[in-house]
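Protein chains: 2
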Amino acid sequence: MTNEKKLSIFALGGVFEIGKNMYVVQYGDDIVVIDCGSKFPDENLLGIDLIIPDITYLLENKDRIRGMVITHGHEDHIGAIPYILKQINVPVFATRLTLGLINIKLKEHKLKDTVVLCEIHPDSHLELGSLKLSFFRTYHSIPDCVGVVIDTPDGTVVHTGDFKFDFSPANQQYPDLHAMARVGEKGVTVLLSESTNAEREGFTASEKLVGESIEECFQRASNRVFISTFASNVNRLQQIIDAACNTGRYIALLGRSMVNVVKVASELGYIQMPEGMLIDAREAAELPRERVAVMCTGSQGEPMAALSRLASSTHPLMAIEPGDTVIFASSPIPGNEKNVAAILDHLYLLGANVINSGMHVSGHGSQEELKLMLTLMKPKYFVPIHGEYRMLHRHRQLAESVGVDPERIFIMRNGDVLEVNRKHAYLAGKVPSGHTLVDGSGIGDVGNVVLRDRKHLSEDGILISVITLSSQDNALLFAPDVITRGFVFVKESEELLGDVSRLVEATIEELRETANDWTWSLLKSSVKEAVGKFLFHKTKRRPMILPIIIEV
Amino acid sequence: MTNEKKLSIFALGGVFEIGKNMYVVQYGDDIVVIDCGSKFPDENLLGIDLIIPDITYLLENKDRIRGMVITHGHEDHIGAIPYILKQINVPVFATRLTLGLINIKLKEHKLKDTVVLCEIHPDSHLELGSLKLSFFRTYHSIPDCVGVVIDTPDGTVVHTGDFKFDFSPANQQYPDLHAMARVGEKGVTVLLSESTNAEREGFTASEKLVGESIEECFQRASNRVFISTFASNVNRLQQIIDAACNTGRYIALLGRSMVNVVKVASELGYIQMPEGMLIDAREAAELPRERVAVMCTGSQGEPMAALSRLASSTHPLMAIEPGDTVIFASSPIPGNEKNVAAILDHLYLLGANVINSGMHVSGHGSQEELKLMLTLMKPKYFVPIHGEYRMLHRHRQLAESVGVDPERIFIMRNGDVLEVNRKHAYLAGKVPSGHTLVDGSGIGDVGNVVLRDRKHLSEDGILISVITLSSQDNALLFAPDVITRGFVFVKESEELLGDVSRLVEATIEELRETANDWTWSLLKSSVKEAVGKFLFHKTKRRPMILPIIIEV
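Protein sequences, first through last, are from chains L and F.
Position one of the first sequence corresponds to residue 1 (our numbering), numbered consecutively onward.
Position one of the second sequence corresponds to residue 1001 (our numbering), numbered consecutively onward.
Treat the hints with care, since some could be wrong.
[As the list claims (entries may be wrong)] Which residues of chain L face chain F? A partial, calculated answer using Cβ under 10 Å:
hint, residue
1, Phe478
2, Val490
3, Ile550
[What the hints assert, rightly or not] For lysine to aspartate or glutamate, the following DMTMM-like pairs were computed, each having C-alpha atoms within a straight-line distance of at most 25 Å:
hint, chain 1, residue 1, chain 2, residue 2
4, L, Lys538, L, Asp499
5, F, Lys1455, F, Glu1337
6, L, Lys208, L, Glu75
7, L, Lys524, F, Glu1551
8, F, Lys1524, F, Glu1551
9, F, Lys1086, L, Glu495
10, F, Lys1491, L, Glu551
11, L, Lys338, F, Glu1017
12, F, Lys1338, L, Glu199
13, F, Lys1338, L, Glu337
14, L, Lys455, F, Asp1042
15, L, Lys538, F, Glu1108
16, L, Lys455, F, Glu1302
[Stated by the list, open to error] Non-contacting residues of chain L with respect to chain F, defined by C-beta distances greater than 12 Å in every case (computed):
hint, residue
17, Asp242
18, Leu372
19, Ile409
20, Asp473
21, Ser521
To be clear, the hints were calculated from the coordinates, so they are not data collected in a lab.
The beta-carbon is built from N, C-alpha and C at its ideal position, and this holds for glycine as well.
With the hints as constraints, model all of the structure from the sequences given.
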């Protein structure tokens, strides 16, 4: 008898893109979701706060979902959790720190009491229906990262999560090579491995080097030190705290996410700090300058974050002074270069000693590390994940170079379904996938029409013409009112707007004379066309034109 | 008797920023303007096409302007010319190729017949009132670049233009070290020198290396080669043509500015190409693939440029095929990284062999070259120009390192006036300066109010409520109409918009009952407040709310 159940694997987010990671492993009626991330919109998605995966498939298969496993606590792996859990309330499995960070989000969304959170450890075993889950410890720029092993009746699926092989990690959480070797030796049917740095040659440098450089800077600085990094890079935070400790500095925190993460990570024991070392930003003013270090948010140039406000001298609690050192323990994510450069400039102007290179290493493994993972796992089939196409493509080449059969490597788009049985693996159709846009409290209610209108409004504004007609004979009762926003400066354009009002009037008169059975929609389109042409001729701009007709 | 006339120098654009270069040297009643550039708006300036200098000072001193000298033909030095010449028609002095490129712009703006263009050579001498101008040849990524020497009764001012010291230049236009040495030996009172690469150590590599790398690529490619670079980088274009020539390839051009520049530069003798080598894009289809090279625009990921359309398979004339080579002979300008990355990804997907590193060198001198210029010129006073503050700051440090007295270095903002006499130099007040925004055919008519409205509209759209009141008793004649654009998808929000209509109605009723002497403006603000609160509560969004009142 053949087994009618099938093993299928697909991404709802995370391939052909960076961020919003979400992978699904299904065997028969049992579904496990791995990760639930968000990503930030680019500037074309006007007014949008966040992008999360389209979970149509999960909603349609709600009852089959046995749980959600989270590999680690970064936004691109946990950012969508509150939005998704509102729609599908399934148990969430994650390590201790990851759960701590998820909890911050659940509190903000007032979901704390309605969801089931289960703590796992690298040596935990879970049975979720017919799926047996185990884990292995990996190293990444946040503690408590795991890779996921899913044993199914038709083979074993491994998802690496994010990783590098840091053999001298900052936090003593060594990547568990032996556990990985055991998994590989038992046999991996499908490996999903991350591709973020697949374009980088060699081996990513150890986080420890960053710690040493930071400590040197702290040593040399004769004034205060401000240092910014991602709050979620908990290992980096610990190294900064160690550097401060070794150089006799107190630590102050600026920025909401910095305060939140340090609080949670300290409570859970992932950040160690001597009693009394953490001070309030206000206390810092009373200490000698060389005894103060400030950890702040804003390393990506985010306009509302602490560093940005320090640079523009608008922070309510502290101000940069000449001689202060400012360290960027980060490198700009593509798209943020300009904002970061503007902040650098302001800091130089304030007389700060700015250090923005040599204070960062990536949390992701480079080519040799990706090859190491592939070699440890010896997968039968390989699916590169986490990355734009060119990274997946490069990862495929790396897999081929360590002996994976090219025919058994699958570059999948979000929604592409890989079906695997004991004999072979093949692409088998698609499930719905895409971007769900979050705007304010609305999830997925802003679509193309709304975005197109925002784009149009953003470029040339709007011109509204109010047309009041008599219900008896369709005659204009008043001269048409013309109102604009975002088009021209009204006080200087009275003549232009007067011309528009007369043009609308003339258009209506002409219609009344020539067209027998004119409709409001004909009137609107005639006004739009006439006014649009006139304005483009006069200004070379194309505002949105909105005729409003009132019949009295 | 002392001389009552004063020498003053200031920037109207180009310091504390990259682009829109414009410098003014005035002695008594004689003004010379150096360069007339534009820059591109960042994404905050919604709908704006271009930024040009604020020329209030020049308009107020129209009759004193003796001429405008242009150092070379790049956009950040010539881009504002058509807009400025419309307002102040002064003679423009520039070298042959620079004039050719200016002419393209004047034709587009239909200004060709109204302006005076004077061709200069590196050995020209001009007398503009009391100002005596001479020049020296510099090397930059476009031919025919000059530095400007202005002799005044109170000293000599030197403006370097853009430069690097390329001793094996692609175009045989060697930087004229001897002329520079002579200028320095005669004595330079004030040096204005460019700072673009002041943060880069060492010496910028020669353009010749790029030519060699490109030729190697052409040699290796067995299919067609597409190569993109700035059209204005005429020296690079020549090297690409040489590489094609040496490897037996024909050249096709894609992109309007590429066609324009190649045409003008060829006519004027700055681009040499064997007869018959230039082919039409359509002809390329009939040639063996290894005989075709295509020079195209779009190296910065500009969405409408040739490369972008090739990458998205929407170019009307050509399509990328697997095995084609695509070379980026450029590096992304800060802010363009994301667009470039998206194009890379599409090209990989099309199966192209993408080469995006090692095919570009900067056209600007690095630290050792800036020091060489400072050493040749031996200026009494030094003003670093062309750059954000951190670059100017670094350039100041370089000047100090080669012996310029720190007290005699002036970092000036746009509009800061440096006055110089035989004894000393000092900052003496400001002239008006700033960004003039070009939007369509409007120059400077879009200001903060319009931009703020565009920003507001772009984020959450607009909600218009039409309120029709009886002129007798201010009673509502109809239920208020509610119209939105860019806020929510209307079909799915009928209930919400119905609630808004009822809320507006209730607000009006309440006002009629409670306020004795209510005005339209009170009515409008009450509606705005009530609806704004309601919508934020329901959607966490803040659309622009526009009540329109009609009295019948």
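Subject >> 12 Å Cβ clearance of Asp473/L from chain F >> reply: holds (15 Å)
**OP:** Would you check the hint for Lys538/L and Glu1108/F, treating anything up to 25 Å between C-alpha atoms as holding?
**Re:** holds (17 Å)
Subject >> Hint consistency between Lys1338/F and Glu199/L [alpha-carbon to alpha-carbon, up to 25 Å] >> reply: Answer holds: Lys1338/F to Glu199/L is near 16 Å, not above 25 Å.
Original post:
Is it true that the CA of Lys338/L sits at most 25 Å from the CA of Glu1017/F?
Top reply: holds (12 Å)
**OP:** May I ask you to check that Asp242/L keeps its beta-carbon over 12 Å from the closest beta-carbon of chain F?
**Re:** Answer for Asp242/L: holds, closest chain F Cβ roughly 30 Å.
Subject >> 25 Å limit on alpha-carbon distance, applied to hinted pair Lys208/L and Glu75/L >> reply: Holds - the C-alpha atoms of Glu75/L and Lys208/L are around 24 Å apart, at most 25 Å.
Original post:
Do the numbers back the hint for Ile550/L, that is, is its least Cβ distance to chain F under 10 Å?
Top reply: holds (6 Å)
Original post:
Hey, Lys1524/F versus Glu1551/F, does the alpha-carbon distance stay inside 25 Å?
Top reply: Holds - the C-alpha atoms of Glu1551/F and Lys1524/F are around 14 Å apart, at most 25 Å.
Original post:
Quick one, are Lys455/L and Asp1042/F close enough, alpha carbons at most 25 Å?
Top reply: Holds, at about 15 Å.
Original post:
Holds or violated: Lys538/L with Asp499/L, Cα cutoff 25 Å?
Top reply: holds (11 Å)
Original post:
Holds or violated: is the Cβ of Leu372/L farther than 12 Å from all Cβ atoms of chain F?
Top reply: Consistent with the label, Leu372/L stays out of reach of chain F, its closest Cβ about 24 Å off (over 12 Å).
Subject >> Hint consistency between Lys1338/F and Glu337/L [alpha-carbon to alpha-carbon, up to 25 Å] >> reply: Between Lys1338/F and Glu337/L the Cα gap is close to 10 Å, so the pair holds against 25 Å.
Hint compliance for this structure: no hint is broken.
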